Structures are given as C-alpha cells and as structure tokens.
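There are 2 protein chains.
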Amino acid sequence: MEEKMNCELEVSRRNFLSTSGKILAGTAIASTVLASQADKAHAYGYETGFAYTKLNPEEVANITYHNYFKRWCASSVIAGFSELLQKKVGGLWKTFPIDGMRWAHGGMAGWGALCGTLTGAGTICGLCTNDTDVAEAMANDLAFYYSYTELPSYTPPGKPEKAEIHHMTMAGTPVCHISVGRWMRAEGSAFLDPERAERCARLAANIAMETCHMLNDHADGKFKPKHALLFNVAANGITSQNNCMDCHGQHVPAPDTYATLKK
Amino acid sequence: MEEKMNCELEVSRRNFLSTSGKILAGTAIASTVLASQADKAHAYGYETGFAYTKLNPEEVANITYHNYFKRWCASSVIAGFSELLQKKVGGLWKTFPIDGMRWAHGGMAGWGALCGTLTGAGTICGLCTNDTDVAEAMANDLAFYYSYTELPSYTPPGKPEKAEIHHMTMAGTPVCHISVGRWMRAEGSAFLDPERAERCARLAANIAMETCHMLNDHADGKFKPKHALLFNVAANGITSQNNCMDCHGQHVPAPDTYATLKK
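These protein sequences, in sequence, are chains H and W. For what it's worth, numbering that gives the first Met the number 0 labels the leading residue of the first sequence as 0, then goes sequentially. For what it's worth, numbering that gives the first Met the number 0 labels the leading residue of the second sequence as 0, then goes sequentially.
By construction, these hints were calculated from the structure, which means they are not laboratory data. Honestly, I wouldn't trust all of these hints.
Said to hold, decoys possible - A short list of chain W residues far from chain H (calculated; beta carbon distances all over 12 Å): (1) Ser152; (2) Tyr153; (3) Ala185; (4) Pro252.
Claimed, not checked - EDC-like cross-link-like pairs, simulated, lysine to aspartate or glutamate; straight-line CA separation at most 20 Å: (5) Lys69/W <-> Asp132/H; (6) Lys69/W <-> Glu58/W; (7) Lys69/H <-> Asp132/W; (8) Lys69/W <-> Asp192/W; (9) Lys69/H <-> Glu194/H; (10) Lys158/H <-> Glu57/H; (11) Lys87/H <-> Asp219/H; (12) Lys93/H <-> Glu82/H; (13) Lys93/H <-> Glu58/W; (14) Lys225/H <-> Asp245/H; (15) Lys93/W <-> Glu46/H; (16) Lys69/W <-> Glu46/H; (17) Lys93/H <-> Asp132/H; (18) Lys221/H <-> Asp132/H; (19) Lys161/W <-> Asp130/W; (20) Lys69/H <-> Asp130/W; (21) Lys69/H <-> Glu46/W; (22) Lys86/W <-> Glu46/H; (23) Lys93/W <-> Asp130/H; (24) Lys69/W <-> Asp130/H; (25) Lys53/W <-> Asp192/W; (26) Lys223/H <-> Glu82/H; (27) Lys86/H <-> Glu46/W; (28) Lys87/W <-> Asp192/W; (29) Lys225/H <-> Glu163/H; (30) Lys69/W <-> Asp216/W; (31) Lys87/H <-> Glu58/H; (32) Lys86/W <-> Glu58/W; (33) Lys223/H <-> Asp130/H; (34) Lys93/W <-> Glu46/W; (35) Lys93/H <-> Asp130/W; (36) Lys53/W <-> Glu160/W; (37) Lys221/H <-> Asp130/H; (38) Lys69/W <-> Glu163/W; (39) Lys223/W <-> Asp132/W.
Here the structure is a predicted model, which is why all the values come from computation and not from measurement. Each residue gets a CB set at the ideal place from its N, CA and C atoms; glycine is no exception.
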C-alpha cells in the first residue's frame with residue numbers, strides 16, 4: 000500500500016497545487032520535501048475485538064437516519080452499525096455505549112469543528128479494522144467524500160421525520176460550521192429549524208452508507224484508498240484542508256512559511 | 000443541573016455578545032429566542048460498562064506525553080487513561096483498542112479540524128460517564144480550556160522526548176490547524192520539526208490532565224460544569240466558536256441571518 004500511497008500523494012499534491020493558485024517554484028520544492036518527510040509517519044497493526052461482518056448499506060443508513068433525532072450526528076452513525084452488529088456479531092458490540100460519543104455532535108458539543116458524522120464514522124472504522132494505515136485511509140477518504148460530494152443525497156423511505164428539504168450543497172471541508180452554514184444559506188433555514196435537523200440526519204445516513212461500502216470492501220479484501228494520506232501536510236506544510244481561501248482570502252501562507260522563520 | 004445551565008447560558012451569551020462587537024437590537028432578540036430553543040435539546044442517561052476510578056493526573060499526563068510519539072494526539076490521551084485503568088479496573092478497558100482512535104490525529108487524518116487531543120479526551124469522558132449532559136458538559140469545558148489557556152504548560156520530568164520548546168500560545172479555538180499554526184508562528188517551527196511534535200505531545204498531556212481533574216471530581220460527586228452548553232448556537236445561531244473574526248474578518252454574519260431568509 001505504501002508505494003501506491005506515495006504515488007497518490009504526488010498526484011494529489013500536483014492536483015492541489017495546480018488548482019490552488021499557489022504554484023511557485025519555492026512552494027513546489029518545499030512540498031516535495033514535506034511529502035517525503037510525511038511519508039515517514041509510522042503505521043502499525045493493532046488488535047481489536049470488535050468484529051465486523053458485511054452489512055446492508057441501506058439498512059445502516061436507515062437506522063442512522065432515525066437515530067439522529069435523539070442521538071444526533073456522531074452517535075447516530077455509531078448506532079447505524081452497532082444496532083445491527085449487536086445482533087449479527089454480538090460480543091463486544093454489546094458493551095460499547097453508543098451514546099458515549101454523543102458529545103461529538105455539532106463539531107464537539109456545538110463548537111462547529113469536525114462534523115460529528117465523521118467522528119462517529121471514524122470511530123467505527125477504527126474499531127472494525129486493525130491497522131492504523133487502513134483506518135486512517137478510510138477516515139481520509141471519508142473526509143474527501145464529505146467535502147466534495149453534494150449532500151445530503153439520502154432520502155428516507157416513507158415520510159421524513161421532520162420536514163421535506165430541497166437542497167444539497169458541497170461543503171468543501173469536513174468542518175461542521177462551514178458545512179451546515181453553506182446548506183442553511185442554500186435552503187434558507189435557521190439552525191434550529193426542523194429542515195436543518197432533517198438535513199443533518201440525511202447527511203449522517205450518507206456518511207454511514209459510504210462507511211459501510213468501505214468496510215464491506217475491506218471485509219472482502221478489496222478496500223483500496225482513493226486518496227493519499229497526509230496530502231494536506233505535504234501540500235500546505237500544516238494539517239489543513241483544500242479550502243484555504245475560505246478563511247485566508249487571497250493571503251494564503253506559503254507551505255514553507257514557518258519552516259523558514261528560523262533560517 | 001438544567002437550571003444552572005440556563006442561567007450560565009444567559010451569562011455566557013451576554014459575555015459573548017458584549018465582547019464580539021455585534022450588539023444589535025435584532026441580534027439580541029434573535030439570540031434570546033435561539034437560547035430558549037437550544038435549551039430544549041434532550042439530555043438522557045445511558046449505560047456504560049467502562050468503570051472509572053480516580054487516577055493521578057500527573058501520571059495520566061506522563062503516559063499520554065510518552066505515547067504521543069507513536070500514537071499521536073487522540074490515541075495518546077486515550078492511552079493515558081486506558082493503560083492505568085486496564086490495571087486498576089480491568090474489565091472492558093482491556094477490550095478497547097487504544098489505536099482505534101488514531102485516525103483522529105491532526106484534526107482527522109491531518110485535515111486540521113477538531114484537535115485530536117479533544118477527540119481522545121471526549122471519548123474517555125463519554126466512556127466513563129453515563130449521562131449525555133455530563134459528558135457534553137465535560138467536552139464543552141475542555142473546548143473552553145483548550146481555546147483560552149496558554150498551552151502547552153506541561154513539562155515532562157527528565158529529558159524531553161524530542162526537543163526543548165520555548166512558547167505557549169492561546170488557540171482561541173479547538174481547531175487543530177489554527178491552534179498548531181499559531182504555535183508554529185510563535186516558535187518559528189515547521190510542522191515536521193521535532194519541536195512541533197514536542198508541543199503537541201505536551202498539549203496532549205495538558206488535555207489529559209484537565210480531563211482527569213474533571214473525572215476525579217465526577218467520581219467524588221462534585222463535578223460542576225464551568226460553562227453553558229450550546230452557548231455557541233445561542234450566541235451565533237449556528238454551531239460555532241467565539242473566534243468569528245479569525246475567518247470572517249469584519250463581515251461576521253448576524254445570528255439570525257438565515258432565520259430571516261424565508262420571512
């Protein structure tokens with residue numbers, strides 16, 4: 000996997016640089032050095048007793064959707080898997096407190112940082128796999144999917160729990176505040192409107208479904224990461240996303256900004 | 000607790016509005032309505048088999064610090080608790096895969112969203128308590144502590160693992176990218192420098208120590224939240240932080256921006 004990752008890292012880095020408007024000779028050189036250093040991050044296997052068996056993605060999504068209105072984003076994704084795995088596998092799934100991750104809702108108790116659907120999904124990936132490279136590749140692919148897919152595309156069978164909604168939006172980021180804000184602007188909804196809750200419930204269902212596809216592939220021995228790990232550090236010289244201008248405007252720091260301060 | 004929270008919510012809302020430069024009559028009215036709606040969020044108890052017994056915060060911090068250099072931010076905080084609780088309590092702690100949360104490093108596989116130390120700490124709070132109100136109040140207090148304390152203040156006993164470091168910074172946010180970027184600027188370090196790893200390891204130790212203080216208080220029946228839950232939704236009409244101008248500059252949307260779009 001490592002060789003493939005290195006190749007993808009380079010492709011990802013080039014794609015990013017070519018679209019970010021930051022192509023400078025110095026930047027490219029700094030990024031290559033950073034990519035090489037980032038590759039040295041050590042991955043390793045670990046033991047887990049949380050066994051996974053292939054699940055029906057639609058069923059996982061449906062359970063997630065209906066759980067949202069009590070458990071909110073993070074725990075509803077966990078419920079989508081755990082409620083089924085408790086029955087189909089049993090064992091440790093009966094011991095994991097689904098609501099023990101509810102604190103992650105709204106980007107950590109409403110602080111708007113990492114979308115709770117991703118905290119829930121990442122937790123499931125980490126419990127169900129046994130190699131940091133695999134769990135982190137899944138988390139990375141999920142962050143790409145979340146950021147660059149028009150969501151929510153999931154539609155509940157039957158009557159919606161809260162409201163009909165009319166828009167899908169592309170977040171450009173896994174950050175709750177920006178993601179939900181962009182959707183609210185498109186839909187014309189306030190945060191506490193039933194439409195916003197409906198949107199986040201459907202989004203949680205989408206993320207659970209995507210996670211289930213990856214875990215099913217992994218169970219079949221055919222999971223392949225779509226994106227390079229740590230592309231962000233390689234491209235920007237810091238943990239980051241690809242939406243630099245959302246916050247920095249035209250004044251995006253170069254990747255080697257802080258690397259050169261001491262030189 | 001609910002009555003106390005309502006009171007604190009109001010205080011927090013006023014404090015925030017009075018310092019944010021956004022005091023407008025319409026804003027204040029909208030915020031009051033939002034605060035009232037946010038209060039309706041339902042908290043509930045849940046079962047967990049992950050028993051907690053009081054731990055020595057310095058010991059937890061030290062284990063967290065040394066784990067960082069293999070396991071990174073999220074899993075190192077979990078290791079700080081789990082390695083001790085496996086010995087002192089046993090039971091389910093022997094079954095939880097510490098490395099199953101490593102994907103959360105660097106704000107989710109390096110995406111720079113929620114600092115992984117908080118994902119790790121929140122997970123421990125959620126596993127060790129049995130009421131969403133309590134776990135979320137701890138997560139909320141941790142986000143305040145992380146955002147508004149000069150960190151890292153933790154100093155390892157003996158020789159540092161990677162490097163001596165010279166600066167503490169106030170993040171103003173629980174977001175990894177901004178937090179680590181502010182420290183890198185102060186220290187003059189690049190992300191892959193040993194100093195940056197040293198900083199994040201010490202920060203993880205600080206967060207683990209603060210979490211341990213809260214859980215010890217809770218074990219003694221004297222944990223009291225310092226801050227109101229969902230102050231962010233009440234103040235800003237969206238999941239958010241108090242650092243609006245960091246990204247929005249002078250153009251911070253009013254709390255009721257989207258609430259009024261349909262009216």
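Self-check item: In rising order, the numbers of the hints this structure does not comply with
Solution: Per hint list: 3, 4, 13, 14, 17, 19, 25, 26, 28, 29, 30 and 36 violated.
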